[in-house]
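Novice: Using the sequences and the hints given, assemble the complete structure.
As they're listed, the protein sequences go chains A, B, C and D. Counting along the first sequence from 1, when you hit position 225 you're at 225 in the UniProt record's numbering, and nothing is skipped either side. Counting along the second sequence from 1, when you hit position 335 you're at 335 in the UniProt record's numbering, and nothing is skipped either side. Counting along the third sequence from 1, when you hit position 179 you're at 179 in the UniProt record's numbering, and nothing is skipped either side. Counting along the fourth sequence from 1, when you hit position 190 you're at 190 in the UniProt record's numbering, and nothing is skipped either side.
Any given hint might turn out to be false.
Claimed, not checked - Here are the computed lysine-lysine pairs in the BS3-like style, where the Cα-Cα straight-line distance is at most 30 Å:
#, chain 1, residue 1, chain 2, residue 2
1, B, K317, C, K118
2, A, K70, C, K10
3, A, K70, A, K118
4, C, K325, B, K324
5, D, K318, C, K199
6, A, K335, D, K318
7, C, K10, A, K71
8, A, K259, D, K318
9, D, K259, D, K335
10, B, K336, B, K259
11, C, K11, C, K202
Hints are computed from structural coordinates only; laboratory data are not their basis.
Protein chains: 4
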Amino acid sequence: MVVIMKPGTKKEDIDILVRKFRDQGLDVGITNGVGCTILGLVGDTISLDIDKISMEPNVERVMRVQEPYKKANRKFHPEDSVVTVGKARIGGGSFSVIAGPCSVESEEQICAVAEDVKSSGAALLRGGAFKPRTSPYSFQGMGTPGLDLLMEAREKTGLPIVTEIMDPRMAELFEREVDVVQVGARNMQNFELLKEVGKMSKPILLKRGLSNTYEEWIMSAEYIMAAGNENVILCERGIRTFETFTRNTLDVSAIPAIKQMSHLPVIVDPSHAAGMYWMVEPLAMAAIAAGCDGLIIEVHNDPPHAKCDGQQSLTPKKFDELMKKVEALVPMMGKKLIR
Amino acid sequence: MVVIMKPGTKKEDIDILVRKFRDQGLDVGITNGVGCTILGLVGDTISLDIDKISMEPNVERVMRVQEPYKKANRKFHPEDSVVTVGKARIGGGSFSVIAGPCSVESEEQICAVAEDVKSSGAALLRGGAFKPRTSPYSFQGMGTPGLDLLMEAREKTGLPIVTEIMDPRMAELFEREVDVVQVGARNMQNFELLKEVGKMSKPILLKRGLSNTYEEWIMSAEYIMAAGNENVILCERGIRTFETFTRNTLDVSAIPAIKQMSHLPVIVDPSHAAGMYWMVEPLAMAAIAAGCDGLIIEVHNDPPHAKCDGQQSLTPKKFDELMKKVEALVPMMGKKLIR
Amino acid sequence: MVVIMKPGTKKEDIDILVRKFRDQGLDVGITNGVGCTILGLVGDTISLDIDKISMEPNVERVMRVQEPYKKANRKFHPEDSVVTVGKARIGGGSFSVIAGPCSVESEEQICAVAEDVKSSGAALLRGGAFKPRTSPYSFQGMGTPGLDLLMEAREKTGLPIVTEIMDPRMAELFEREVDVVQVGARNMQNFELLKEVGKMSKPILLKRGLSNTYEEWIMSAEYIMAAGNENVILCERGIRTFETFTRNTLDVSAIPAIKQMSHLPVIVDPSHAAGMYWMVEPLAMAAIAAGCDGLIIEVHNDPPHAKCDGQQSLTPKKFDELMKKVEALVPMMGKKLIR
Amino acid sequence: MVVIMKPGTKKEDIDILVRKFRDQGLDVGITNGVGCTILGLVGDTISLDIDKISMEPNVERVMRVQEPYKKANRKFHPEDSVVTVGKARIGGGSFSVIAGPCSVESEEQICAVAEDVKSSGAALLRGGAFKPRTSPYSFQGMGTPGLDLLMEAREKTGLPIVTEIMDPRMAELFEREVDVVQVGARNMQNFELLKEVGKMSKPILLKRGLSNTYEEWIMSAEYIMAAGNENVILCERGIRTFETFTRNTLDVSAIPAIKQMSHLPVIVDPSHAAGMYWMVEPLAMAAIAAGCDGLIIEVHNDPPHAKCDGQQSLTPKKFDELMKKVEALVPMMGKKLIR
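Specialist: As structure tokens, then:
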């Protein structure tokens, strides 16, 4: 951490502050110049509160040098983490595709889609039972009966199931029934929920918030890991920008950036990023080429009658065409597609 | 709602769609031009799913004409709503100031600050017992004992208390002990929490999310109102932009915009918007001049040692100076300061 | 400037870099810790290229401590700068209002509006002769004949004229005929134009770019000042964010921020920020309350038939009502309205 | 275009407006509902001014249905446009790479880099002679002598040269000496410059502005095309968002979006988007996979001593490695690499 002192601070005041830092076990280096003193702090600075130091009366500015995260930090864990669910593997050179409808609507629907995406090469089945909707008047998901249908589809196809948790009171149920627990973009900083899923034994798929930085995203993973669950998959799904043509702006740079900052696997959701089915394929291809470890794709057997997100869902036929291209591109990027 | 048909759609296909809309009780007007047909739908279109219609095979684009909210809509409720808590009143020409520390830290701290802000003219006391923090390693608030201290400060000063709920499992406790229940910016679209506070009898202070539009914000209020609680105060606290000098960018336009769209009262949090104590006063003045119904200000008796947000907290002395200016400006804007 | 060395850099490599900085006349302080060395550079670091230093093979990161601007920097020029044009004064406690139509359309129009805004208290007349339009098919302004009409309106009313320059080839004409030369938001980083207006003797009104930071904005002022023209007025006119209800998002924090960073006067354009005439008044009030030194307001005698920006223009009557409120608020903020 | 009338507008007022539109040669359809009338306008609406119509006293809102651009519109020109420069071809299935240093620094430098990038497979040479820099104290480019060196490098290697124009007064010189004229991101809405390059016979490489929408970007291309020059290449180079880890956020969705909206070729500049050399490769791969028609890459023989943008420049060796991957991926996406 670097501390810039206000111009004209007296030597004795600087000495007091330096002693304070040294008493906390930190090494402190001092740079004196005309009208400006800079302190360099080295040691375990993660627990130092940058805001508190910046409130010291003689401090002009504080700048962090080290990352504020430990468990998710690649510096302390250089090899890629791999998340394994049934036969599926995400990370460390393995690439898996998660596919399925936005929301579970009926037994026929979820089972038919599950069979279809399995035969096209998906390794996991997605489907929402509890849906976060902007309007209280929109379909809110089937709830628990939807979970039961997902379990039925799992039994029929063998595909592990991925579904979103929205309420900490549901943790026990999800721990029992679900294979991968999704935390949605709007809940990325719902810290009570993060602490709860941190106590679970199931892998957590953590979506990036609409306008959260890479560092905030990793800090939310750190919440889950600090609570005991190190099986975290990060999922880029587009950020909010001024551009309104697309539903969100897919930030492909997040893939190499997160890979450098963290050892956690990164997958991409091109369906939510685009918001339009015809843009899913180019964004999926871009994500693979940028180095992601998996995809999560919305597939619906009858998009015009989907209860939500029909406009961004692929038909099983279009998904099958996409998977042929995924199969060709993944090995070219040095990864193995698990199906 | 306006539906643009794809160029070249056959007349019979248009007729099928038109019949479908009319069967739902809507009036449909048809504009035929060279290579382009436009349908205008009039009636109760709030429950129509814009995404679903846009998936119809012959539809090019759908545009909403009416707002997707009812209970919060000024069109159906032209007079200002007023939220009353003890002697405090917010909205409809009444202006109240909420003040207090970011987090409750000790009995001495919260009681001293409460006395100070009361004597300067605050009508409500804020203080966090449960704190949403970006890092799992930061102080997370005192929890329930913090709530007890807030109640003690209320008893001593008579000021109603405002504090943040982060977990739906806390609803019963908050219903019993708290006067105004705050939903923080990061939870603005935590829909399970919204539904829960919608069942409470206490007023809800709903902060705008970091990157949520006016419409999304009102839709979150609509969640609370649809669940039965119409006592909602909206709070603008700055949005996320590319500018990094300020912690957030205060969006003063939100005040006249929300006033036009909704009858709900709007207050402003200049402390979180600025992120720097010296900027609180000009932003507070700007907010009043733009027409807000109240302020929520962070005040700490010892900012350099505050457990959080010290850098944006006013000392009681600075808060007192600010209140003198507030007292002068509020009546000039045609409002009455309640103290 | 602070230079963080890569972990494990050899002592001799650090010594070479330190010597290099000392040879450039800088004081260098060294902080050695376990696995991390930090260099603090003090002296004239404005001309150091942060990107170049960060390319040194053993450097991990470089952070700037001092601002990269000199002439616009309040540190080196603590008193407010005041720009004087005829009787109008902007800055240093003086507040002036600039008003007029988006574009000059005819002799009758510009002269009528000029008389109106003068009698309501405007100190300068604005009007566009050359208009930056998103579409090549929109009205591009009257051009040079428009300038002549502005001069005529000046002669009739005595109001100095403010108009936008878009082309460096026009500098001579503007130097001769115009009182305040406006550089528009889209040209804030048109560096060839900045250099050209930097050679002029007339005050420059520099609008903030749609998505430019405070520092970039001041750097553009620095371009003009470095070329010899220190009469620069900064104008906040709203930034681009995700919110689409307003044309732009007025950033009122820019006012106190710029006042702290620079000695230059800051005015606000609520018309372009709002994009809707009914929002001009609350934003204008907010800007004054936040401490700005002036306003620039679009006024048109017949907004529905304005050739551009009619929807955000006030009628002379509405402008007169606004000015009454401006007259009341400006002295309350400790400033003097010049009319 | 769709016009929503204010609730309660009288029938005769609606009739007057309808007649007005019909007099302009438009077909008007009317939808009457309880409390709401919608007009649908069909015909040549490109020249209608949406702002002006929205100012009509009884109009509540106006929504555009048709795109405001003609010459760049894929609807009126379904086949891909191809830009040909010497042997290089961009668009319509042909893919070319432009490479070279940020700025021309010396004869040795530009000629060495030109030879290197040519032998690795670049089809055009880039290099800045006039540089837009945020600070007036930074290196501003060599100017005209830099252009001479570029011409020398062209003569030695046969590579056509791409360089940026910043000043309309330079148009004649660029027309004579340069092969592809670049308009930089900061000048995307410098309309005087657009009009000037629209008169040139050379292809124009038009970079997207930092915070400009797809539609604004295409409108700037339309300026150039409307002035007579239809040889326009669009270049995505990252947009400004809240994320600060990367210099800009590469918007890969721009590629399929622009391809749908326009027939113009789209290339990508991963160097400016990333701002860090190690991120250039994954972003370049992502851009190709998303369907772009070419790349523009910064290459420098000695990045640590580059006069600008060294931190984002590849060495010739790294560029050669990148080109091997480009050569493998381009045909997989169904395009032909021209070298």
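Novice: Quick check: which numbered hints come out false for this structure?
Specialist: 1, 3, 5, 11
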